[in-house]
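Student: If you want the building blocks of each chain, they are given just below.
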Amino acid sequence: MKFLNKESLIVNLVRVVTYFIVVVVGYLLLDIIVKGLPTISWDFLSGMPRKSGAEGGIYPAIVGTLYLVLGAVAVALPLGMATAIYLSEYAMQGKLNQGIRLAIITLAGVPSIVFGLFGLGLFVLFFGFGASILSGSLTLSFMILPTIIVSSEESLRAVPMGLREASLALGATKWQTVYKSVLPFALPGMFTGSILGIGRAAGETAPILLTVAAFFLPRLPSSIFDQVMALPYHLYVLATQHPDTEKVLPMQYGTALVLIVIVVFLNLTAILLRNHFRKKIQW
Amino acid sequence: MNTWQDKAIHTILVGAASTSILIVLLIFFFLGKEAFSFIWDPGFGHLFHTKWIPVSFKEEIFGIVPLITGSLLVTGLAVVIMVPFGVLGAIYIAEMGTLSERNFLKPFIEILAGIPSVVIGFFGLVVLSPIIKEIFNLNTGLTGLTGAILLAFMAIPTVITVSEDAIQSVPRAYREASLALGASKLQTIFRVIVPAALPGIIAAIMLGTGRVIGETMAVLMVTGNAAKLTINPFDSVRTMTATIAAEMGEVAFGSHHYQALFWVGIFLLIMTFGLNVVAQKFLKKYQMR
Chain A
34 MKFLNKESLI VNLVRVVTYF IVVVVGYLLL DIIVKGLPTI SWDFLSGMPR
84 KSGAEGGIYP AIVGTLYLVL GAVAVALPLG MATAIYLSEY AMQGKLNQGI
134 RLAIITLAGV PSIVFGLFGL GLFVLFFGFG ASILSGSLTL SFMILPTIIV
184 SSEESLRAVP MGLREASLAL GATKWQTVYK SVLPFALPGM FTGSILGIGR
234 AAGETAPILL TVAAFFLPRL PSSIFDQVMA LPYHLYVLAT QHPDTEKVLP
284 MQYGTALVLI VIVVFLNLTA ILLRNHFRKK IQW
Chain B
307 MNTWQDKAIH TILVGAASTS ILIVLLIFFF LGKEAFSFIW DPGFGHLFHT
357 KWIPVSFKEE IFGIVPLITG SLLVTGLAVV IMVPFGVLGA IYIAEMGTLS
407 ERNFLKPFIE ILAGIPSVVI GFFGLVVLSP IIKEIFNLNT GLTGLTGAIL
457 LAFMAIPTVI TVSEDAIQSV PRAYREASLA LGASKLQTIF RVIVPAALPG
507 IIAAIMLGTG RVIGETMAVL MVTGNAAKLT INPFDSVRTM TATIAAEMGE
557 VAFGSHHYQA LFWVGIFLLI MTFGLNVVAQ KFLKKYQMR
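Chains A and B are the protein sequences, given in the same order.
The first sequence begins at 34 in my numbering and counts up one residue at a time.
The second sequence begins at 307 in my numbering and counts up one residue at a time.
Rather than coming from a laboratory, the hints here were simulated on the basis of the structure.
These numbers were taken from a predicted model, which means no experiment stands behind them.
The beta carbon of each residue, even a glycine, is placed where N, CA and C say it ideally should be.
Some clues are possibly wrong.
Computed, partial: chain A to chain B, Cβ under 7 Å [unchecked claim]: (1) Val44; (2) Leu61; (3) Tyr119; (4) Tyr123; (5) Ile138; (6) Ile146; (7) Leu242; (8) Thr273; (9) Ile293; (10) Val297.
The following block holds chain A by itself, in its conformation from the complex (with noise of 0.2 Å):
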């Protein structure tokens, strides 16, 4: 009996510890939600910032960050799907799929400031685009680009090999079969792991940091080539960069509060379509 006491002791402790993330987690979401509402109205999310952030809204920073989310997907979700589709369908193993799967591996591991160096060096400076909505969107871009490749290799995988040797066997070539009898079954999985990748291109701040973001631009971009606002960068210079930061406090937890409900419903959405398919679909 008392061995038996001592096992749940154990058990009872992991569990302490496990529900602890979540109760700061919660804790995080909770303050940020209570905090935020007040500040939430529609002047607030369609108006123009005054006094450099300080009273308005936010409106420029929501429509910079839809721009450059955007922008990024545009580029990352045909390449990745189109590097996905090669992996799972047509490699064999050799010296490119290595040298492809170590690339990817290395890209995921670049850390974000890095990315916005990098995109400083190449589209700001060395192709000229300036600061700028091109800029950010390419750099977002190539960061969102492994997230995108990985989960979409994942679905097409899981689509059983009978389907593609049903095709073949009928006389279809190698991309009718890959286009008619295996993508439709694998693309659910792929738009799913693009609103991770979106999820994530919609919060991250270092890479704009570098190569977008505008401190405060009350106005809407009207090219590719202009700067504009981002959310997670208009809440970085609230908080930090403000004179006033404790007077502008509402502000600030009002700005996270949009960009936590916008990242949080794109994760959401996309962890419920998967599991949602994951069931869905049994062979």
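Got chain A; can you put chain B on it based on the hints?
Tutor: Just chain B, lined up with the frame of chain A:
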């Protein structure tokens, strides 16, 4: 058999897949390109000075040693906090919790993984740092420890997800054999399953560590950013990532300061690259089984 269309598509796919290699090469090339001439003027050895005083009327000093120790201090502390939470959390989710707990905890952990670092940094600034200041009776709550706690929480999802995967992939037979021999549930978990999953757990810790070293915004906001050589967790420290983020906006392009910041980036890249490659070796070990 192959039509021209198939060949064209094959070529396109090879091209797309090779872009990843190209991007990695470009990253190394462009970081190197911007940093290169620092080797002769003012000289590579300057990087190993123990002071980082990039802006000065007398003499500018670009010693990245205090930045590296700053990063290592914060990372080390974060790993100490991250490992018990991450590994025990993974063990609980994989082996101890009920199915409904699992279905709640796993998505919850993924939500934590998705919270933007700037939001975590903001939370650290307005909630955690006053607490740290109060508890340890300090002048400021902006310390290496504050940063480490935040970073640990950001890396815990990585550690849990990868460790849990490793634990799940331990063959059922190990479990059954251990239980059949009369071992208790806990003995089975800690003497059989965890040792069998160890390569994967080590990989998880290394991947988490890579995230911690490379994390920028949270540390920039809460560590106080004083570039000094210290091992005191209650001191203000400045990490490599925070230095780049804070100073890059204000330097003249092409100046020594600018080049030194790219060197910081190169060292950072080498560190995370090394950690990643070794982690993959460990991951292969358990995936081979």
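Student: Which earlier hints can't be squared with this structure?
Tutor: none
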